[in-house]
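Peer 1: So the chains spell out like this:
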Amino acid sequence: QKEVEQDPGPLSVPEGAIVSLNCTYSNSAFQYFMWYRQYSRKGPELLMYTYSSGNKEDGRFTAQVDKSSKYISLFIRDSQPSDSATYLCAMSAKWGAQKLVFGQGTRLTINP
Amino acid sequence: DTGVSQDPRHKITKRGQNVTFRCDPISEHNRLYWYRQTLGQGPEFLTYFQNEAQLEKSRLLSDRFSAERPKGSFSTLEIQRTEQGDSAMYLCASSHWGQDNSPLHFGNGTRLTVT
Chain X
1 QKEVEQDPGP
11 LSVPEGAIVS
21 LNCTYSNSAF
31 QYFMWYRQYS
41 RKGPELLMYT
51 YSSGNKEDGR
61 FTAQVDKSSK
71 YISLFIRDSQ
81 PSDSATYLCA
91 MSAKWGAQKL
101 VFGQGTRLTI
111 NP
Chain H
1001 DTGVSQDPRH
1011 KITKRGQNVT
1021 FRCDPISEHN
1031 RLYWYRQTLG
1041 QGPEFLTYFQ
1051 NEAQLEKSRL
1061 LSDRFSAERP
1071 KGSFSTLEIQ
1081 RTEQGDSAMY
1091 LCASSHWGQD
1101 NSPLHFGNGT
1111 RLTVT
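Keeping their order, the protein sequence lines are chains X and H. Each residue of the first sequence is one higher than the last, beginning at 1 in the working numbering. Each residue of the second sequence is one higher than the last, beginning at 1001 in the working numbering.
In case anyone wonders, no lab produced these hints; they're calculated from the structure. Check each hint, because a few of them may be wrong.
[To be verified] Facing chain H, according to a computed beta carbon distance under 10 Å, are these residues of chain X, among others:
1. Met34
2. Tyr36
3. Gly43
4. Pro44
5. Tyr49
6. Ser53
7. Ala93
8. Lys94
9. Trp95
10. Lys99
11. Leu100
All residues carry an ideal CB built from backbone N, CA and C; glycine is no exception.
Between the sequences and the hints, there should be enough to build the whole structure, so can you do that?
Peer 2: The following block contains the structure:
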């Protein structure tokens, strides 16, 4: 079993919809949780990071962490075609840790 | 801040050949990482440097792989006697480790195709 599980999709939604992306994990040592966005043929770009449990909001993006369930989510409001990309969750036990453990990535398409 | 730069963007080689990739990190970052990403998967950690010291290597990094960061600035990743299973995107990332740790910033990768 992988340390981090993420549904690879693909996920296709109409423009303006609310998108929910999720990851589960098994390692209770993970404390820091990140979401990266990766466009085709590009490197991952950091979207948001959170520490421990709770919510964090940045514009149209909200990250949630539920450590008791070992479950993290990324919500995208008012989704735009430019949000079409692969979304990767990543985790580590320490901030600035050398080794991030990534999920498989969810491929998202926003249809105009 | 010009971001993490990787060269070449794409490399096609025949099985058995050696290849070398280069990564130039963000200038003020003292940590440099190499990850590998295969199609449809998330990146997997290979190795990292703090300044010029290579501090950890993953079990994924076989003896055919070697990475260097000679002056604590740019890094090279060499693969000897390439195999078809080495075909992947090789990602470099950098971060600052110290008083104010920063998250990892990735380059756009070098896509290796071994024929």
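Peer 1: Evaluate each hint against the coordinates.
Peer 2: Hints, one by one, checked against the model:
A least Cβ separation of about 7 Å between X:Met34 and chain H falls short of the 10 Å threshold, and the interface hint therefore holds. Among the interface hints, the one on X:Tyr36 holds; its C-beta lies about 8 Å from the nearest C-beta in chain H, closer than the 10 Å criterion. Because the closest C-beta pair between X:Gly43 and chain H is about 4 Å apart, less than 10 Å, the hint holds. At its closest, the beta carbon of X:Pro44 sits 5 Å from a beta carbon of chain H; the interface hint therefore holds under the 10 Å criterion.
Using the Cβ-Cβ criterion of 10 Å, the hint placing X:Tyr49 at the interface with chain H is satisfied: the shortest such distance is roughly 6 Å. Interface restraint check for X:Ser53: the shortest CB-CB distance to chain H comes to about 19 Å, outside 10 Å, so the restraint is violated. The beta carbon of X:Ala93 comes no nearer than 13 Å to any beta carbon in chain H, farther than 10 Å, and the hint placing it at the interface is violated. The criterion of a C-beta within 10 Å of any C-beta in chain H is met by X:Lys94, whose closest approach is roughly 9 Å, and the hint holds.
The closest approach between the C-beta of X:Trp95 and any C-beta of chain H is roughly 6 Å, which is under the 10 Å cut-off, so the hint is satisfied. Satisfaction of the interface hint for X:Lys99 is found here, the shortest Cβ-Cβ separation to chain H being roughly 5 Å, below the 10 Å cut-off. With its C-beta approaching chain H no nearer than about 6 Å, X:Leu100 sits inside the 10 Å limit, and its interface hint holds.
When each numbered hint is compared with the structure, violations occur for hints 6, 7.
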